[in-house]
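Visitor: Take these sequences, add in the hints, and give me the full structure.
Sequences listed follow chains B and L, in order. Each step along the first sequence adds one to the number in this note's numbering, with nothing skipped, and position 100 is 100. Each step along the second sequence adds one to the number in this note's numbering, with nothing skipped, and position 131 is 131.
Hints listed in this document are in silico derivations from the structure and should not be mistaken for laboratory results. Where is the CB? At the ideal position from N, CA and C, for every residue including glycine. Warning: the hint list may mix true and false statements.
Chain L stretches covered by chain B per the calculated footprint, using a threshold of three residues with CB under 8 angstroms from any CB of chain B [to be verified]: (1) 131 to 140; (2) 247 to 257; (3) 264 to 278.
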Amino acid sequence: MKKLLALLLALVMCCALLVGCGGNNNAAANDTAGDAATDDSAAGDAESVTYALSETPVSLSISWWGGDSRHSAYQDAIAAFVEATPSVEEVTVDFGAWSGWEDKMSTYFASGTAADVCQVNWNWLTSYSSQGQTFVDLNGLSEFLDLTQFDENALAQCTVAGALQCIPAAMTGRIFYWNSETFEKVGVAIPTTYEELIAAGQAFAEFEDGSYYPVALGEYDRMILMVYYLESIYGKDWVVDGALNYSEEEIIEGLEFIQSLEDNHVTPTVQQILGDGAESLDKNPKWMDGRYAGIFEWDSSASKFHGSLNNPDAFVVGDELGEGGFTKVSLGLAITKTCEHPAEAALLIDYLLNGDGAAIMGSQLGIPLSKSGLEAAGEAVDALTAEANSKVLATCTNALDPKFEDSSLKASDGVYYDVMSGLSYGDYSIEEAAQILIEGIEGVL
Amino acid sequence: MKNSVPQVQGRSPARKWLDNNLGLIYILPWIIGFCVFKAYPFGLSLFYSFTDMNFFNGISQYGIMNYIEIFNTAKITKALTVTAQYCLITVPLKLAFALFIAYILNFNIKFVNAFRTAYYVPSILGGSVAIAVLWKALFRDEGMVNTLLSYIGVQGPSWLSDPDYALFIICFLRIWQFGSAMVLFLAALKGVPADVYEAATIDGAGKWKQFFSITVPMITPVIFYNLVTQICQAFQEFNGPYIITNGGPRNSTTLVSLLVYRYAFQQNEMGMASAIAWVMFIICAALTIIAFTSQKKWVYYSDER
Chain B
1 MKKLLALLLA
11 LVMCCALLVG
21 CGGNNNAAAN
31 DTAGDAATDD
41 SAAGDAESVT
51 YALSETPVSL
61 SISWWGGDSR
71 HSAYQDAIAA
81 FVEATPSVEE
91 VTVDFGAWSG
101 WEDKMSTYFA
111 SGTAADVCQV
121 NWNWLTSYSS
131 QGQTFVDLNG
141 LSEFLDLTQF
151 DENALAQCTV
161 AGALQCIPAA
171 MTGRIFYWNS
181 ETFEKVGVAI
191 PTTYEELIAA
201 GQAFAEFEDG
211 SYYPVALGEY
221 DRMILMVYYL
231 ESIYGKDWVV
241 DGALNYSEEE
251 IIEGLEFIQS
261 LEDNHVTPTV
271 QQILGDGAES
281 LDKNPKWMDG
291 RYAGIFEWDS
301 SASKFHGSLN
311 NPDAFVVGDE
321 LGEGGFTKVS
331 LGLAITKTCE
341 HPAEAALLID
351 YLLNGDGAAI
361 MGSQLGIPLS
371 KSGLEAAGEA
381 VDALTAEANS
391 KVLATCTNAL
401 DPKFEDSSLK
411 ASDGVYYDVM
421 SGLSYGDYSI
431 EEAAQILIEG
441 IEGVL
Chain L
1 MKNSVPQVQG
11 RSPARKWLDN
21 NLGLIYILPW
31 IIGFCVFKAY
41 PFGLSLFYSF
51 TDMNFFNGIS
61 QYGIMNYIEI
71 FNTAKITKAL
81 TVTAQYCLIT
91 VPLKLAFALF
101 IAYILNFNIK
111 FVNAFRTAYY
121 VPSILGGSVA
131 IAVLWKALFR
141 DEGMVNTLLS
151 YIGVQGPSWL
161 SDPDYALFII
171 CFLRIWQFGS
181 AMVLFLAALK
191 GVPADVYEAA
201 TIDGAGKWKQ
211 FFSITVPMIT
221 PVIFYNLVTQ
231 ICQAFQEFNG
241 PYIITNGGPR
251 NSTTLVSLLV
261 YRYAFQQNEM
271 GMASAIAWVM
281 FIICAALTII
291 AFTSQKKWVY
301 YSDER
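Guide: Shown next, in the form of structure tokens:
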């Protein structure tokens, strides 16, 4: 009996390895197919596949990340969609907070078990569907999804491997938000230039016990601010044609600027912010009570940070401090290739972004890019988000390469975090940090 | 002649096979579960560890490159070092603390059952996400611990953001979950015959002498069991560092399990993640083998002759 059992287990192990090899071959074969297909096959979706609505009502699924207000808006809009669309009898939902969401979704994409319609981050198109293997080419669904409502430039940003892989919901960029009450208390004007920001730091250092700061910047915030700063000085994009467009000397200049923010009491150290023990800055008690009097965040986050202040009336959307910085597609809606009813899924996206659903969604996904969506959203658009978005779009004209957000750079143990925290903790000199940053970015590009 | 011996009217071959293999059939559900959820991933991960398997790009390279990279990548060697420190701190302290409390709770004191329950509760709660979140709240700069310290005039350090302290906070959470080890020690202490203590007392042995010369040797099988299980569990620790510090600051709490997760599910590099997991497995297996080999020298089994 023991021998039989041992034999059985050994057999299973061998099978496991063989299946492993088989799985690998499949993966490799897919990879090869992807290589051979490239743009032609991806673009070919639009030409060769004809989509039609099912004759019987179908079920769809959708997934998204966000906060409570976004969850609630999505659910209301989806309920209205099901009621208004006879060909869809049910839409199942999967949603959660951003933390850990990408890890979960990447596993779903790899295993082919993602929802029919997915809210996607812009860089996911290149990270998970660089050859068009994960998302449907939406050009072929224009019968069900009105693409004319979107700016062609924005659609081009979502075209990867010749396929329109998601519909952009909004454009976004970073901007400063201030707590005017704290600035009044300290007796300094809200900064409008980088020089004024440094000067404000010195005034905050002398206020009370020095525990107040003009702005709180986490590691990734610092990286983006450095790029904004450099783009405001040099005017050129961070990455051009797949190559880093800034020299080592220029990056050192950017890192010196970031370090000067700590040295001049403009921002607390990374150690201080980590010591606050908050999941994110909007949940940080020091932001809530005004000890951190500013943040540098996405324009689409205005309502979140506004709502978390103890005195929301003090919330002010600041100005960009320099003429430069990038904008990007904030997020989009995509249809996965495992979706059995792409036509109905396209109807759902159209409803949420172009149709009556946009009125329910308001600015939960940012200021709608869709012309009809923006019109439908009307008063549901949050005034603060609209103000922030208009300021960003007016000033930030640089383009962003999607690889900027690659997980090996942006993740909590990625290059950006390593460089910015290493600099703040004193583990790296500015020259070392610049070198590590350049090597890391070039490795990804 | 051949047919002169009457055949025994017995079981049919099928019935005979069934009788002989009934036990196997009973455990078949377990075997299937084991093969599908343990053996298959186990074998597959070994295979992947020799490839550059990526969730989205498949495999393009075979070889031992992952194993070479492990020992040439600073953040991986640092994670191995941190994990070793974590084990060295948590395993002995947890065992010592569990034995100490079990020894106290072995006395006939009032409300002993209530105390036993109270000390066991952290083991039920300890690994949960909620407790990890609570831990984070307790040890933040303006958390309860530093607030209490300030009442006695002590300026508490940055427990979570100072690389010199963060690992101790993670270790402390694990040591706090001493309940399950304590229950085993308590059962072992109950099993030490009272007459041995009586004889020792008559011979003039004090409490300390009795503890180290009678109690500890008698419970060495349980100490050994707890040691092996605690080593294995310490190597697998994930929740604490993931939720409380997310491996920071400056990777000072990045344990190997957290690194495996990051490679596998954040960077989709399943090949490298598998290789790191196998290195962890080999280290863990080596320590277990050492423990088993050494038990002849220090573990006392009363039924041995």
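Visitor: Now tell me, hint by hint, if it's right for this structure.
Guide: Now for the hints, and whether the structure bears them out:
| no. | hint | result |
| --- | --- | --- |
| 1 | 131 to 140 | holds (count 4) |
| 2 | 247 to 257 | holds (count 6) |
| 3 | 264 to 278 | holds (count 4) |
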